[in-house]
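Make a model of the complete structure from these sequences and hints.
There are 2 protein chains.
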Amino acid sequence: MNRRELTKVVTSLENGASLSKALYARTGRAHVVGITGPPGVGKSSVIDRLIDELRRQKKTVAVVAVDPTSPISGGALLGDRLRMQRHSDDKGVFIRSLATRHHQGGLTDATPQIIHALDATGFDVVIVETVGTGQDEVEVAEVADTVVVVLMPELGDEIQRAKSGLMEIADILVINKSDLLRETPSSHAIHPGERKWHRPTVYTSAKTGADISTLCGLTEAHQLSLVSTGELARRRARAARSEVIRLLQSTLAASILRELEGSWAQTVLTDVAGRKLDPGVAVKMLTERIFKNNHRSTNHGTERRRRKTRRRIKAGR
Amino acid sequence: MNRRELTKVVTSLENGASLSKALYARTGRAHVVGITGPPGVGKSSVIDRLIDELRRQKKTVAVVAVDPTSPISGGALLGDRLRMQRHSDDKGVFIRSLATRHHQGGLTDATPQIIHALDATGFDVVIVETVGTGQDEVEVAEVADTVVVVLMPELGDEIQRAKSGLMEIADILVINKSDLLRETPSSHAIHPGERKWHRPTVYTSAKTGADISTLCGLTEAHQLSLVSTGELARRRARAARSEVIRLLQSTLAASILRELEGSWAQTVLTDVAGRKLDPGVAVKMLTERIFKNNHRSTNHGTERRRRKTRRRIKAGR
Chain A
82 MNRRELTKVV
92 TSLENGASLS
102 KALYARTGRA
112 HVVGITGPPG
122 VGKSSVIDRL
132 IDELRRQKKT
142 VAVVAVDPTS
152 PISGGALLGD
162 RLRMQRHSDD
172 KGVFIRSLAT
182 RHHQGGLTDA
192 TPQIIHALDA
202 TGFDVVIVET
212 VGTGQDEVEV
222 AEVADTVVVV
232 LMPELGDEIQ
242 RAKSGLMEIA
252 DILVINKSDL
262 LRETPSSHAI
272 HPGERKWHRP
282 TVYTSAKTGA
292 DISTLCGLTE
302 AHQLSLVSTG
312 ELARRRARAA
322 RSEVIRLLQS
332 TLAASILREL
342 EGSWAQTVLT
352 DVAGRKLDPG
362 VAVKMLTERI
372 FKNNHRSTNH
382 GTERRRRKTR
392 RRIKAGR
Chain B
82 MNRRELTKVV
92 TSLENGASLS
102 KALYARTGRA
112 HVVGITGPPG
122 VGKSSVIDRL
132 IDELRRQKKT
142 VAVVAVDPTS
152 PISGGALLGD
162 RLRMQRHSDD
172 KGVFIRSLAT
182 RHHQGGLTDA
192 TPQIIHALDA
202 TGFDVVIVET
212 VGTGQDEVEV
222 AEVADTVVVV
232 LMPELGDEIQ
242 RAKSGLMEIA
252 DILVINKSDL
262 LRETPSSHAI
272 HPGERKWHRP
282 TVYTSAKTGA
292 DISTLCGLTE
302 AHQLSLVSTG
312 ELARRRARAA
322 RSEVIRLLQS
332 TLAASILREL
342 EGSWAQTVLT
352 DVAGRKLDPG
362 VAVKMLTERI
372 FKNNHRSTNH
382 GTERRRRKTR
392 RRIKAGR
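Chains as they are written, first to last, in the numbering used here: chain A, 82 to 398; chain B, 82 to 398.
Mixed in with the good hints, there may be bad ones.
No copy labels: a pair is met if it fits in one copy or bridges any two.
Claimed, not checked - Cut-off 35 Å, straight-line C-alpha distance, at most; resulting in silico cross-link-like pairs (DSBU-like, lysine-lysine):
(1) K357 with K277
(2) K357 with K373
(3) K89 with K357
(4) K357 with K172
(5) K172 with K102
(6) K357 with K140
(7) K277 with K140
(8) K139 with K357
(9) K357 with K102
(10) K102 with K373
(11) K139 with K288
(12) K277 with K139
(13) K365 with K89
(14) K365 with K102
Hints listed in this document are in silico derivations from the structure and should not be mistaken for laboratory results.
What follows is the structure, encoded as structure tokens:
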């Protein structure tokens, strides 16, 4: 697939198309690296430097940057991700920003599918960048093989609190902007002989480029560890499960919205707003109706066949 | 209801109980004020000062503070909300922190129900505090009559970007920590004769207490404007709709999880993980099954009755 074809596929996936069966069958080869952390720690700059390092090693890289766009305004914000665009002439690099509009939580429904498309196209490394606030941090852990959490020295109070959640998903911890420190601690080394992965801490500076190659080496070491311990298969099974759950939820959400447009549902909602009916009872009534109507529609073929059979029996054929 | 009874009711709602029909019928009287904004702008301190002001006016106040707890760690964080607890001896004040564990997005499923319970108990004002990042800002707009967005001078780059979403839901804009400014601009006045609401900007300092009474007066003015323009009824109808949708979604999500535990679904998921089946087809298979099984179970009574009738007809009774 050339760049133009790939861009087309990604756009169609973003607009709700499904990945073809053929493409899905070719997935599972790329190393999917999730990079997350609070706003302002320099995630995009770290990724920009990582691209340089991976390209030096002749590896191809795709970056999916997930933008926490307001669901109301709905516009895509590029901001400092523009910096990465300097790689846009390099055929071994593909960068795409996705807006998270119309989606509860962090990643869009299309994100896993877009990762699959990039994987199937043959990129060696697929980087997924998200802002680590609330739900995103869990979701990035669900799609990535390796989770890199980026922090910086001296973070504010509420961000320090949010850190605990981030630490739990980190395979590698990066303290970026380490040039701000009077003395930079040395990055933790990994223990080559050991099978169990001990989360290392790397003190990088995207500004000076310090320890970016260490970070790059660690992501690769983590991938090797995933394979040798069998953890990769477990993570991939978990990723498949959460992708299916996510898709199921949006399918059912669509059924809900369809049902709510009907006049019967409108009456129910008006009664709830008027305090004549409580929300719990309303939900019970609507749930039964959704299951009934959708069962009928998905079951249409079977029902018709049954009726035909009955008619035949009656007619003595 | 006394405080102990109320605490019990709120806890049971938080643990998944439903609001009684009797309590729901008594709701709709409180003024629900949503207070949201980025981390660190001093939302809790502003609320603390607002409580003082409302109590001076002999109004009773309940505060629901929604904590963006990591869904993985699951612990509730109280932090600087502890400061508000100095009101805990005051019988006209009720404060409760809710953790958002196990919930995609901002508010928990229980939040609207807890607001209803506080409303039905007779609190004049119910304040809902959320951190304005991503989904929360939309959700707070769905449950509140009046949305107050709190910002501060000199916010970082990514927060400035997030502001655009917040501005769209703000009925009143607060620039807190205005004591940091060399010159504090005067707060925008409201235009008493005018029907249409023009979003005012208030420059407060929770530290010195400056312009907190102006803010308090503006929330009241907004409530009056909602009533006189008929906007209140529209907002309440929207709130009822989104509460029902949220409950419907979690009901259906529970059906999904139940289905996925079965061995049939496990085989499907294993095939997806092994790239033998693509996620789109898997979702189609699972959706059909969920609708079928749930239709059967919700329809159980009707089916039995029908069979009984058929038997009676056959027997000639």
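Tell me the hint numbers this structure goes against, listed in increasing order.
The structure breaks none of the hints.
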